[in-house]
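Q: Position chain B against the provided structure of chain A, taking the given hints into account.
Which chain is which? The protein sequence lines are A and B, in order. Using the working numbering, read the first sequence as starting at 3 and increasing by one per residue. Using the working numbering, read the second sequence as starting at 129 and increasing by one per residue.
What the hints contain is simulated information worked out from the structure, not anything from laboratory work. Do not take every clue at face value.
Covered by chain A, per the in silico footprint, the following chain B stretches (three or more residues, Cβ under 8 Å) [said to hold, decoys possible]:
id: 1; stretch: 169-177
id: 2; stretch: 228-241
Every beta carbon over 10 Å from chain A, so not counted as near; a handful from chain B, in silico [said to hold, decoys possible]:
id: 3; residue: Thr-133
id: 4; residue: Asn-146
id: 5; residue: Glu-190
id: 6; residue: Pro-203
Yeah, the Cβ is synthetic: ideal placement off N, Cα and C, and Gly gets one too.
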Amino acid sequence: GIQVEQSPPDLILQEGANSTLRCNFSDSVNNLQWFHQNPWGQLINLFYIPSGTKQNGRLSATTVATERYSLLYISSSQTTDSGVYFCAVVRAGGTSYGKLTFGQGTILTVHP
Amino acid sequence: DGGITQSPKYLFRKEGQNVTLSCEQNLNHDAMYWYRQDPGQGLRLIYYSQIVNDFQKGDIAEGYSVSREKKESFPLTVTSAQKNPTAFYLCASSSRTPYNEQFFGPGTRLTVL
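Just chain A, same shape as in the assembly (with noise of 0.2 Å):
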């Protein structure tokens, strides 16, 4: 199946700063998403983003699927930012109808 690494594991930041956050994939993909899960469990849809870029507020995503990554990009970060983000994509063709496969996410702290 298709294998999702998502970079860094793990992000410490002071508020006010800026980081990217990477998801590489290894096959084609037809759907890409980022969430961002609450300390409650809740994942809250950030961008559907098969390519392309889109931004939203103070987030902003960037898809390059011809050489299959996706960035995410945090401005001026807040505590409230904190959490899980995921990376999820569904595989182009074959069997994979709607299956989204997951990365291992990474762990954003923003310290007051």
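A: Frame of chain A, contents of chain B only:
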């Protein structure tokens, strides 16, 4: 409000018992999914359903069963055959096109005593 609800939020089970987790959505989505999350890990797919009265096994279906009698509902039964059922269970839904965005419910934490 449109969304996905899961109940209960917390569930405790004795070994040897079957338990059923509820998942309901009012987003008019055709496809629904069940994922399992273990501590420090990403999510893994248990079962999915593209349409009413149809469902398929995911990567870790052993010890689980599902039904899809209504478009809005996709309950998951954790049977006594599941060797290590303690985990966080999340339900998701999407419109039927296979590559559309998935949305998740708040999850159920199951603990086997």
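Q: What are the numbers of the hints the structure violates, in ascending order?
A: none
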